[in-house]
Each structure stands twice: as structure tokens, then as C-alpha cells.
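Sequence lines, in order, name chains A and B. Quick note on numbering: the numbering used here labels position 350 of the first sequence as 350, and the sequence is numbered without any gaps. Quick note on numbering: the numbering used here labels position 122 of the second sequence as 122, and the sequence is numbered without any gaps.
Derived from the structure by calculation, the hints contain no laboratory data. Hints may be right or wrong, so weigh each one.
Stated by the list, open to error - Distance windows between CB atoms, simulated: (1) A/C93 - B/T2: 46 to 52 Å; (2) B/P99 - A/Q152: 55 to 61 Å; (3) A/S316 - B/K11: 31 to 37 Å.
As the list claims (entries may be wrong) - If we take Cβ atoms under 10 Å as the criterion, some of the chain A residues that face chain B in the derived model are: (4) E107; (5) E149; (6) D297; (7) C368; (8) R372; (9) L410.
Backbone N, C-alpha and C fix where the C-beta goes; we use that ideal spot for every residue, glycine too.
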Amino acid sequence: MRLKSGIALIISGPNPKTSAMQHTQIVLKNCDNIRPESFLDYRETGGMNAFKDALSMDPEKVLKEINRAGLRGRGGAGFPAGLKGKYTDESICRYCGQKYIICNADEGEPGTFKDRVIMEKNPHLFIEGMMIAAWAIGATKGYIYIRAEYTQSIQRIETALDNFYSYGWLGEKLDKSKNFSLDIELRLGAGSYLCGEELTLIESLEGKRGYPRIKPPFPAQHGLWLQPTLVHNVETFAHMPYIIRWGAESYRSIGTEKSPGTKIFSVSGDVNKPGNYETEMGISLRELIDVAGGMKDDVPLKTAVIGGAAGSFINSDQMDVSLCFDGMKKIDAVLGSGAVMILNETRDPVDFLAWILEFFKHESCGKCIPCRVGTAQLALMAQEIAGADDKSALLDKMVAEAEYIAENALCPLGASPIIPLSSFNNNVKHLI
Amino acid sequence: MTSREIISKYKADKDQLLMILHEVQNNHPQSYISEEDIILIAKHLNTTKAAVYGVVEYYSMFSSKPRGKHIIRVCKSPMCRMLGSADVLTFLQQELGVPVNHTSSDGMFTLELSECLGHCDKAPVMMIDEYLYSRLSEAKIRHSLDYFRTKP
């Protein structure tokens with residue numbers, strides 16, 4: 001897919017530095033130039049200007065701008081962020097009841113560590129995004145739900161929230177003239193992958209077991225305490241200040257037509273420099289591997305797993321795929337959370353598949369039978385692949401089983417195993 | 001600080017439950033939530049003992065049974081396994097003399113497995129309490145254990 005522009009713009013001011021798309025950064029732009037705990041450093045890079053702009057705009061216009069920018073949820077599903085905001089905004093009128101805003105920082109998708117880098121290196125940025133979105137929909141209470149294992153991120157967010165309160169950007173005195181106040185609190189998870197799913201997260205926030213709710217109703221109508229609630233991923237919020245500051249057109253000039261903006265890819269495995277890389281949406285896997293220092297010891301690629309455990313296996317013939325929501329869809333794969341796990345020729349993809357299926361078995365909450373029994377069944381069958389006489393028949397059987405689970409399970413976890421399984425069957429089977 | 005003192009710091013709202021459980025558990029020398037604590041918490045939040053117990057049992061980071069002073073969590077995500085977490089686990093079992101989900105005889109460490117800890121670029125990794133150790137080697141593991149053994 002052709003990128004419309006290679007022009008890099010930074011949050012502190014449009015910077016007409018032309019460079020390749022792998023250098024275009026929005027979220028991680030200033031990460032290495034500021035002290036993450038310093039609010040003044042954040043202000044110096046232009047922080048809070050976007051929120052000031054937002055406050056001077058009509059809330060509806062803020063939502064429209066996000067919608068026009070075409071921002072899509074970075075948690076994995078790629079749902080248009082503007083629409084989600086619009087639904088939450090419209091569910092009840094601005095002054096008729098409590099609305100909530102929640103930042104989903106429960107990053108637990110195997111292979112994904114992009115939100116962690118935002119929270120550790122530039123925690124004020126995504127909180128500013130939350131504040132913009134809260135103003136847009138009229139939410140006066142916010143929560144950041146983070147997994148308890150991210151101890152450093154927790155410290156950084158605590159400091160950032162303290163900063164916002166002590167400089168008067170959060171709390172009662174936020175904007176008296178507009179009668180707008182916002183409180184944000186931090187809440188910890190306790191080791192449940194499923195709580196990264198928005199409705200399960202809300203259950204957990206309410207102090208309950210992490211069991212999924214049945215959709216619909218969606219959080220936009222009945223979220224936290226059954227009130228309208230807007231839930232976004234950390235990375236999604238982190239894009240909002242840029243959009244408000246520099247406008248939807250500027251944002252749309254980055255990335256691809258249907259997946260505008262940048263994406264942080266968490267690259268791990270057999271590359272020379274594993275780590276987080278923010279590039280324009282639509283970069284090819286081949287280019288991304290180059291950005292990450294190339295294949296380790298020049299051993300060629302066998303397969304890459306894109307998007308996490310609920311992600312897709314692709315093979316070395318598909319390395320020119322455009323890494324964006326629609327580019328991946330074209331090859332029946334998903335972009336997911338942006339995890340990119342690289343396996344070289346010496347690795348056994350069957351093992352990798354078995355580990356992924358074991359993960360789903362462990363994380364299935366047990367509320368609905370198709371998922372509870374099905375994920376256990378799939379994990380068992382995966383153990384048998386290596387010794388099976390007819391591997392192809394066994395894999396077909398597993399795909400059929402996973403399809404059945406996906407159709408009948410309550411929540412997205414049950415719909416997940418089919419993603420790695422069918423892509424394994426289509427793209428990697430011939431390599432085993 | 002006693003559990004009662006910790007619990008009374010929190011507002012009596014049900015959404016505080018996980019936060020209370022974390023602090024009570026971290027405060028306990030055996031890193032768990034005792035039945036007495038569960039009863040205290042339930043009373044504070046005006047809910048049932050069963051509701052609190054259900055939450056403790058659901059989340060993998062909470063324990064209703066006594067554990068060691070420090071909790072070791074070895075990452076078992078696909079990427080860590082591909083890059084050698086099985087060796088890490090074998091070595092830890094040897095060093096501690098216990099299998100997974102057991103506590104060393106000196107009561108210092110409980111060995112547990114964890115899903116992805118989010119440091120796949122530095123695999124294999126483990127956590128001891130709130131500290132993360134990455135790119136693990138035998139020397140590094142031994143060093144980290146010694147640190148916690150001598151930590152006051």
C-alpha cells in the first residue's frame with residue numbers, strides 16, 4: 001500500500017523534516033528527550049497545548065476532529081475511536097448523568113509491550129489524551145486500569161497524576177468557566193488477561209471476578225456502574241493530543257488511507273535489535289525487520305506471528321504485507337495489538353502454536369462451556385500435532401473446533417484461538 | 001501496619017476491593033490473604049465473605065494460602081519459552097529445591113509461573129516481587145536470589 005507522505009511532524013510543532021516512514025513518530029517522539037516524571041519537561045515539548053485547544057473548542061467539534069482524523073483503536077480491534085466517543089456522547093445528554101472514561105492499560109497480549117513504553121517514558125501524554133476525550137464526551141470521572149505486574153509504569157503514572165493535580169490540571173479547579181472538572185484514579189488488575197477486554201475490565205473495576213458481560217449493551221450505553229463509559233487503549237489516547245493540536249488533515253497525511261497515523265510495533269524474537277518501534281501505519285514486515293536491525297545472525301525468517309496470541313502466523317512469502325488494519329485483512333490476518341514475534345528457520349512453529357493454545361486454556365475464565373472445554377481440547381490436540389501421521393487432517397479438525405468455539409463463546413477470548421489456528425493452517429502448515 | 005489499619009485507609013466502596021487485596025497481601029510476611037483478612041475486608045465493604053473469597057481465588061496474583069516472603073514469577077509466554085524460559089525454570093527449581101507453586105524450605109521464595117510479563121524484547125524474564133529481571137542467565141538468577149536472601 002502506498003503511503004501518502006513521509007513527512008514527520010512532532011508534537012511540539014510541525015517539523016518539516018522529511019524522512020522515511022520508519023522515522024515518523026507521534027507517540028514516542030519526545031520519549032528520550034524528557035524526564036518522564038517531570039511535568040515541566042512535558043510542558044516544554046508542547047504538552048497540554050492540545051488540551052487547552054480542546055477546551056476552547058466545542059466538545060462536539062473535538063469529537064468531529066477525532067472522527068475526521070480516522071483514528072482507530074490501538075488495542076487490537078481497530079474500531080474507529082471517533083465513533084466510540086460519539087456513541088458514548090449521545091447515549092445521555094451532557095448534564096443528565098454520570099459518564100466515565102477509562103484507560104485500558106491492562107496490556108497482557110503475549111508479545112505486546114507498547115503501552116508499557118508510553119507509560120514509562122511519557123506518562124503525561126496519554127493522560128492528556130484522556131482529558132481531551134473526557135471533555136469531548138462530558139465525563140467527569142476517569143480510571144486508569146493497569147496490570148499490577150507493570151510496577152514501573154504504575155510509579156510513573158502515580159507521579160504524573162500527582163503532577164496534574166498539583167499544577168491544577170485535574171480536579172475541581174480544572175475549568176470553572178466551563179463548569180468542567182475531572183478526576184482520574186489509578187486502579188490495579190491482578191493477573192487476568194481477560195480483564196483487558198473492555199466489559200470484563202469494567203467488571204473487575206467494580207471489584208468483581210473478571211467474568212465477561214454479554215454484549216450488547218456496549219460500554220457506551222451501560223459501562224461502569226451501568227453508566228455510559230468510554231474505554232480506550234493507552235496508545236489510542238496518546239494519539240489524541242496530536243490530532244487536536246495539528247488537526248485531522250495533518251494526522252491523515254501519515255499512514256494509510258484507512259489506517260491513518262502511526263503504530264508502535266513490539267518486535268521480539270530472532271532479530272538483532274528487538275524492541276518497540278513507532279512507524280507509519282502500512283510499513284511492510286520486511287522494512288520493519290530492517291528497522292529492528294535485521295534477522296539475527298542472518299538466519300532467514302520462517303514465520304512471524306503478528307498481533308499477539310490472538311494474532312496471525314504469516315510466512316516469508318508474505319513479508320511485503322502492509323502492516324495496517326486493512327493490509328492485514330487482505331491476507332486474512334489481523335494487525336492486533338502490534339506485536340511482531342519473529343521466528344527464524346531453526347524454530348518450530350508447532351511448539352509456538354501449542355504454547356499459544358496453552359495460554360488460551362489458562363486464561364479462559366470458565367464462565368461459558370464452549371470456551372472452557374474447547375480451549376482445553378485445543379491445547380491437548382496441539383500436543384499431538386508433532387507425532388501425528390496426518391498433520392493436515394488434525395489441523396483441519398482443530399480449525400473446525402476453534403470455529404465452533406468462536407461461534408458459541410460469550411466473549412472475544414473464545415473467538416481468539418481461531419485466528420492463530422486458521423492462519424497457521426493457511427500459511428505455515430507446509431513448513432512443518 | 002496491621003491489616004485492619006490498611007483496610008480502614010480505603011473508602012468503603014466495592015471498587016476498592018482489588019486495591020485493598022493487593023496492599024493486604026503485600027503487607028503479609030507470607031504474601032497471602034488470610035481468612036481473617038477476608039472477613040475484615042468483607043465487613044469494611046459491606047459485602048459477603050464469599051464475594052471477597054471469590055475474587056481472591058479468581059485472580060492469579062492473589063493467594064488464599066500462605067506463601068514465601070518473596071514471590072518469583074517466571075514468564076511462560078511463547079516468546080520467553082522460545083528463548084529459554086524452560087532452562088530458567090529448571091535452574092530455579094534446582095536452586096530452591098522445590099517444584100513450581102511451592103515454597104522453599106526456608107520460607108523465602110515461592111516459585112510461580114506467569115503469563116506474558118511484557119518484556120519480550122529482553123526474554124527470558126522473571127519478576128521477584130516488584131522487580132523485573134531480564135535476559136536471564138544462571139549467574140544473574142543466582143545473584144538476584146542472593147540479593148533477596150540478604151535483603152533486610
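Against the structure, the hints come out as follows:
no.: 1; hint: A/C93 - B/T2: 46 to 52 Å; in the structure: holds, 47 Å
no.: 2; hint: B/P99 - A/Q152: 55 to 61 Å; in the structure: violated, 30 Å
no.: 3; hint: A/S316 - B/K11: 31 to 37 Å; in the structure: violated, 56 Å
no.: 4; hint: E107; in the structure: holds, 6 Å
no.: 5; hint: E149; in the structure: holds, 6 Å
no.: 6; hint: D297; in the structure: violated, 14 Å
no.: 7; hint: C368; in the structure: violated, 15 Å
no.: 8; hint: R372; in the structure: violated, 14 Å
no.: 9; hint: L410; in the structure: violated, 16 Å
Hint compliance for this structure: hints 2, 3, 6, 7, 8 and 9 are not met, and every other hint is.
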